[in-house]
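Taken in sequence, the protein lines are chains A and B.
Each residue of the first sequence is one higher than the last, beginning at 7 in this note's numbering.
Each residue of the second sequence is one higher than the last, beginning at 173 in this note's numbering.
Check the hints yourself; a few may be wrong.
As the list claims (entries may be wrong) - Here are some chain B residues the structure puts well away from chain A; computed CB gaps all over 12 Å:
{"no.": "1", "residue": "245"}
{"no.": "2", "residue": "275"}
{"no.": "3", "residue": "356"}
{"no.": "4", "residue": "369"}
{"no.": "5", "residue": "541"}
Stated by the list, open to error - Chain B stretches covered by chain A per the calculated footprint, using a threshold of three residues with CB under 8 Å from any CB of chain A:
{"no.": "6", "stretch": "179-192"}
{"no.": "7", "stretch": "250-259"}
Said to hold, decoys possible - Below, computed lysine-lysine pairings styled on DSSO-like, alpha-carbon distance capped at 30 Å:
{"no.": "8", "chain 1": "A", "residue 1": "30", "chain 2": "A", "residue 2": "63"}
{"no.": "9", "chain 1": "B", "residue 1": "190", "chain 2": "A", "residue 2": "229"}
{"no.": "10", "chain 1": "B", "residue 1": "329", "chain 2": "A", "residue 2": "253"}
{"no.": "11", "chain 1": "B", "residue 1": "470", "chain 2": "B", "residue 2": "508"}
{"no.": "12", "chain 1": "B", "residue 1": "304", "chain 2": "B", "residue 2": "284"}
{"no.": "13", "chain 1": "A", "residue 1": "233", "chain 2": "B", "residue 2": "188"}
Because the hints were derived from the structure by calculation, they are not lab data.
Even glycine gets a Cβ: it sits at the ideal position worked out from N, Cα and C.
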Amino acid sequence: MKVIEFTNKGLYCPPADVYIDPWKKVNYALITHGHADHARWGHKHYLCVDSSVPILKHRLGHEMSIQGVPYGEKVNINGVNISYHPAGHITGSAQIRIEYKGEIWVVSGDYKVEDDGLAETYEPVKCHHFITECTFGLPVYKWTPQETIISDINSWWAQNVADRRPSVLTAYSLGKAQRLINSVDSSIGPILTHGAIEKMNDVYRSMGISLPMTQHLNAKVHKNEYKKALIIATPASIGSTWAKKIKNYSLGAVSGWMAVRGNRRRRGADRGFVLSDHADWPGLLQAIAATGAENIYPTHGNTHSFSKYLCEQGYNAQPIETEYGDDNLEKAEE
Amino acid sequence: MKQFAALFAALDRTTKTKEKIAALSSYFQTADDQDKLWTIALFSHRRPKRTVSTTLLRTWAAERSGIPTWLFEEAYHTVGDLAETISLLANDEYEPVEKSLTQWIDEIKALKDHEEEEKKEFILDAWSSLNKTEVFLFNKLITGGFRIGVSQRLMTKALAQVLQLPESHIAHRLMGNWTPDDTTFEELLLADGDNMDLSKPYPFYLAYALDQDVEDMGEPSDWQAEYKWDGIRSQLIKRQGEIFLWSRGEELVTHSYPEFDVLAETEIDQFAIDGELVVYSDDGLQSFNHLQKRLGRKTVSKKFKREYPCRILCYDLLEYDGEDIRHLPLAERRQKLSTLLADLQSDISDLPLLLSEEIAFSDWESLTTLKRNARAANAEGLMLKLRSGSYKDGRKKGEWWKWKVDPYTIDAVMLYAQRGHGRRSNLFTDFTFAVWQEDGSLVPFTKAYSGLTDAEFKEVTQYVNKNTIERFGPVRSVTPELVFEIAFEGINESSRHKSSVALRFPRIKRWRRDKEAKEADTLANLKNLLNN
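One chain only, chain A, in its complex shape (with noise of 0.2 Å):
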C-alpha cells in the first residue's frame, strides 16, 4: 500500500485514510496551517497542532470538530505514525511527517527557514520523500534578514509620522500582521488595525502570546490618530469604504513578491518590503537538503522549473497538482 496517493481531493495517506490539507470535504483532514488555501471549511474531523486549534475554531466555527496535538507527540493511526514539527510559516505553522513500516514523508505545508520572532521556529525532519511548497522557487528570490527590513518599515513610519503623514502597511491578516506588530519599534506611534487582523491578534493574545498594543481602526479612532499610526490593513481592504476614511497616506505593501518592481508597480504601493513567510531560493534548497529525502514533490509555486532544477542536482523531483496558493481564499477570508 502507498504511504501518500496524489488525488483529486488532495494529499491522501490510504492506511491511515486521512488526508494532508485537503481542498475537498472529507472525513478526517490533517491541517499544516490555518491560511485559508490549507485549512478550507467542511471537513468532519480536523487534526493539527495545539497552538492551531484556536485560529482554526476562529476561522472555520467553533462547533467544528477540531483536535490539536504537541509538536513532536506521535499519534498512531492503523499503524501510521503522525507527528507535526514547526514549519516557522506562522504561529501554529506545522510539517507533518508520516511514517509507515520504516517509509517516511513529509508534507511541509508552507514553510520559511529564518526565525521571525513569533512562530515557531522551522526544524528540518529527515525523511525519504518530501512535499514541499516552492512559491518562491526561482533564484532571483534571496530575502534580506527580517532585521534590515523592519528598521526600513521603522524609518518610512518615523519620516510619515514627521510629514504628518498616515502610514498604511498591507499584510495578510493571519500570521504577516502579527509578525509585524510584534516587530515594528512601537514606539514611533500608535498601531491601529483593519477589523479582521484586531479579530486575530485577540486570537494570538488569548493563547497567551503578548503583541504591544493594537487598536481597532473604527469610528472611535480620532483622525488626528492616523497621521501618527502605522496602520496595518489586509490586502482587500485597500480601496474599501474602510481605507477610504484614511486621506493622504503612503501605503507600503509587505510580501515576497514585491522583490520584483513590476508586482509593486502593479499594486499601486509607494513602497513595496520584501519579507515573506515563505522560504526564499536558498530556504528551499536548504531545507530540501536538510531533509535528506531522495524524492523531492513541489506543490505550489513554480513547480516545475523548481523540479527541473532539483533533477539536475540529483534528486528524483516530481510537480503535483494541487489546489494550494490560491491568494483569493485567503483575501475571501478577510
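Position chain B relative to chain A; hints supplied.
Frame of chain A; chain B shown alone:
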C-alpha cells in the same frame, strides 16, 4: 552613480506626480551638468550605443550565479525585465566603487572596440562593485528602457521649474535628434535659437478621444472637421534648404521617404508642416497595409517607390517663413498652409503634399453620418478642432478631439498565453486568439495584449496555470475554453498569416464569460469583414 541611484529610488518610491517632480527638481538643481544631460537623455529613451549584447549579459549573469541558462531564462520571464533579473541575482556583498553616471556611461561606450573577454571582465567587475539598485541601473544603461513612470511631461515640468522657463520652451528643446555626445546641458536647454539643431521638430499636439455627446459641442461653425487619416503622423520641416521628416515617435525618417527630396528644388524655405504620411497612388489614398511595406526601410527601390508612392496629407502649419506660428488661431494657420501649398505647387509640378481638406457640415447630425461612413473614405474617423485654438504641445484636452468610427468586433477563443513585462510581469497578459474553421478546428488569427483589468488578468493567469496543455518556452498552449470579444480598427488580407488575414490595432474589448468556446465566431465571419 550614487546621486542618480538616489533619484531613481525617490522616483520609484512614489506614485504621486508632485513628489516625482520634487525629486527631479532637486536632482536638476544639484547634479553635475553632464550627468543631468544624460539623465534627460535616458528618461527620454536615448541611451548610449549598445556595446554589449543582451545575450552575453544573460550568459555571464547565469554563469556568475552558478545557475543553468534555462533557469535564468525562466527567472527572466517571471521578472519581466532583464536588467532587474540580473540585479536580483547579484550578491549582497560588493566592493563599493564610486564613479559618476557619465563616467560609467563613458566606460560602457569605450567597450566598443574591445574583445569579448575584456568586456566580460569589465561587466563582472561592475556587478561586484555596485549595490543591487545600482546594478539594475548599470544594466539599464546597456539595455535601455527605463520604465520608472517619468513621462516627458513630468521631466519638462521639473526642468521648467528649475530653470524658470516656460514648459513649452523646454518641451520644444527636448525634441529631436540630439544626443549627449553632440550637445551640452547649456546648449540643449538655454542657448538661443541660432545654435539650435536645424532639424528640431515641434512637439506634436495630440488629441483625446471625444468623451461627450457631439451635440454638446456647441456651435458647429466654431469647429473644423476633417478626416482622421490612417497613416503615420509626421512633421515635415524645411530649413536652410534641408528637408527633415519626423515621425510621431520622434524618429527622423527622411531617408526612408525620398519622395520629399523634390522640395529642395524650390526657393521656398523655413517651414514646418504637421500632416499624415500615407501611400497615395494614381487611384487615390491607399490603406495602412500598403504603407506598412515602406516602414523601416533604409533604402527604397524604384519599384517600391512606384508601387507605394508616399504623400503627406497636410493638417497644420507650425512654422512659416522661419516664424513659429503655433500661437495663431487654427483658422489663420490653415490659411497660411493653403497659401504655402499653392506656392509650392506652382514651383513643383508633382508636389507630394496635399491639403487634408476640411469637411463642410452645417449640423452635428449630418457630421455623425459622415463619421459613420469614414471607413469608405479610408479614414479611421474624424478630427474636430476648435477654429480659434492655438497649437499646443503634447496631449491636451478641450480643443482637439478625435472621433473614431466604432471598431470591428469578433468573439474569439484564447489559444496561447505568454507572460507580460514590466508592470505586468508574472501575469499572463499576451494572448493568441483563434476562430473556428469549417473543419471544426481553431485557427489563430491575432494576438492581443491590452484591454483587461489587473483583476481579470490575474483570474486568466490562474486559468492558464490550471489549464496548460503544453509549454513552449515562455508560451503556454491552454485548453480553448475562454471567449473574448476582440476589437480592431481594420482588417486586410495577408499571406503571412495562417488565417490569411491581418488585423489593425487588435485589443481585448471584454471577456465574454457568457459564451462557451463553441459559440465563438468563425473564420468566415471574420473574412466577411474584408469586403466592408
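Going through the hints against the structure:
With a least CB separation of 9 Å from chain A, residue 245 (chain B) falls inside the 12 Å interface cut-off, contrary to its annotation. The beta carbon of residue 275 (chain B) is kept farther than 12 Å from every beta carbon of chain A, the shortest such distance being approximately 26 Å. The non-interface label for residue 356 (chain B) is consistent with chain A: the shortest C-beta to C-beta separation is roughly 32 Å, beyond 12 Å. Its beta-carbon lying about 35 Å from the closest one in chain A, residue 369 (chain B) satisfies the requirement of being farther than 12 Å from that chain.
With a cut of 12 Å on Cβ distances, residue 541 (chain B) stays outside the contact zone with chain A, its closest approach being about 43 Å. Here's how the stretch 179-192 of chain B fares: 5 of its residues keep a CB closer than 8 Å to some CB of chain A, so the rule of at least three is met and the hint holds. With 6 residues carrying a beta carbon less than 8 Å from a beta carbon of chain A, the stretch 250-259 of chain B meets the three-residue requirement, and the given coverage holds. A threshold of 30 Å between alpha carbons decides the hint, and for residue 30 (chain A) with residue 63 (chain A) the separation of about 19 Å falls inside it, so the pair holds.
Note on residue 190 (chain B) and residue 229 (chain A): the hinted pairing holds, with a Cα-Cα distance of about 24 Å set against a maximum of 30 Å. At roughly 26 Å between alpha-carbon atoms, residue 329 (chain B) and residue 253 (chain A) fall within 30 Å of each other, so this suggested pair holds. With a C-alpha separation of about 33 Å, the suggested pairing of residue 470 (chain B) with residue 508 (chain B) is violated against the 30 Å cut-off. Between residue 304 (chain B) and residue 284 (chain B) the CA atoms are separated by roughly 25 Å; this keeps the pair inside 30 Å, and the hint holds.
For a cut-off of 30 Å, the pair hint linking residue 233 (chain A) to residue 188 (chain B) stands: about 18 Å separates their Cα positions.
When held up to the earlier numbered hints, the structure conflicts with 1 and 11 and fits the remainder.
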